[in-house]
Amino acid sequence: MTHPLTHEDYARLLACIEGIYRCRRLAEFPKHALSELRKLVECEMACYAEADFARQRLLNVFDPPLPFDPPKEWLQFAADHPVLNYFKSSGDGQALKISDFVDLREYHQLEVYRKIFQDVGVEDQLGFGVQVDNHFVLGFCFSRGERSFTERNRTLLNLVRPHVIQAYLHLEELAGHEQLQRDLQTALRENGLGVIILNNARSVVHATPGAFEKLTGYLPIPDGQQKLPETLSRWAFGENGDQNGEPFVVNREPARLIIRRVRQSNRLLLLLSEENSAAAAERLARYQLTPRETEVLRWIAAGKSNAEIGAILGVTTGTAKIHVERILTKLGVENRTAAAALLRQFGI
1 MTHPLTHEDY ARLLACIEGI YRCRRLAEFP KHALSELRKL VECEMACYAE
51 ADFARQRLLN VFDPPLPFDP PKEWLQFAAD HPVLNYFKSS GDGQALKISD
101 FVDLREYHQL EVYRKIFQDV GVEDQLGFGV QVDNHFVLGF CFSRGERSFT
151 ERNRTLLNLV RPHVIQAYLH LEELAGHEQL QRDLQTALRE NGLGVIILNN
201 ARSVVHATPG AFEKLTGYLP IPDGQQKLPE TLSRWAFGEN GDQNGEPFVV
251 NREPARLIIR RVRQSNRLLL LLSEENSAAA AERLARYQLT PRETEVLRWI
301 AAGKSNAEIG AILGVTTGTA KIHVERILTK LGVENRTAAA ALLRQFGI
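Going by this note's numbering, the letters in the sequence shown line up with residues 1 to 348, in that order.
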């Protein structure tokens, strides 16, 4: 049942919630959340646990740290933990105590007590959990050397539990976004591309590593400044009357910089790529394409269909299809997308 709380209890609860949301990294969440929750519920030891029963893996973080390493069989011993068993079967993650399920005599007969809790002096636990999926759960538990947890302790944990869950899910999502950002930046760098993002005020919101360094090799930019040259800025925002989607190209033989723009809501993305005609020609030469096949390959990379390529070259669609099939065979790729990707790797 819900225990009435005092003004002091609510003040501590709000401070705990605020503290939990201050965590900024998923890897730091277990220790950070334990530290905040221990201010809410007094105990001799607190534990954060992630249990993956499908893979038989368990992560435990103790506060304070245990004086010994938990036995490898902990997950096996935990199988008769009464609160964990109830949680697994019901999915009910509300705050519960071991003493809600078994008396002291029954508790002392459990394997989890004899193999784990007896050595660390745990006579009762109060904890709550989150069912991530059918085989993966995470939870927080607070241990004492006597059965002294109160309904006030339970009420406080039940009130803070939704915020703990939300904070964890937010950090998990943030970690995924950060990893995606790192993957995208790596992919852009490995493909020789860069991205500069502008807002409607023409200020640089973000630039991938190396983008401005690449730009300064072709256009004059003051040292240390991330600001577009006036000519590029006018083109980017269509002040030259250029709205047909043609790229901005700067030649510096034997290479050239190609900039394409993509409008995303209130952001303008400038996509930078570089072509090195001499190096690209040398790489492409080993595939022994004919001049006509090289021309067709460029139209493939431009996204043209067989019918469109045929119309451009003044040949039938069937002839264009034969050219495409020969090109794919020579390049050793399965489809047009792979052929275009290979061409981009060559800097074309």
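Because the hints were derived from the structure by calculation, they are not lab data. Watch out, some of these pointers could steer you wrong.
Below, computed lysine-lysine pairings styled on DSSO-like, alpha-carbon distance capped at 27 Å [said to hold, decoys possible]:
| # | residue 1 | residue 2 |
| --- | --- | --- |
| 1 | K321 | K304 |
| 2 | K115 | K97 |
| 3 | K88 | K115 |
| 4 | K31 | K88 |
| 5 | K227 | K214 |
| 6 | K304 | K227 |
| 7 | K330 | K304 |
| 8 | K321 | K227 |
| 9 | K214 | K97 |
What follows is a set of in silico ranges between Cβ atoms, one per label pair, in the way DEER data are often shown [as the list claims (entries may be wrong)]:
| # | residue 1 | residue 2 | range |
| --- | --- | --- | --- |
| 10 | H7 | V205 | 27 to 35 Å |
| 11 | R24 | I258 | 36 to 44 Å |
| 12 | D9 | P64 | 20 to 28 Å |
| 13 | Q225 | R152 | 33 to 41 Å |
The C-beta atom is built at its ideal place from N, Cα and C for all residues, glycine as well.
Any of the earlier hints contradicted here, and which numbers? Structure breaks hints 6, 8, 9, 10 and 13.
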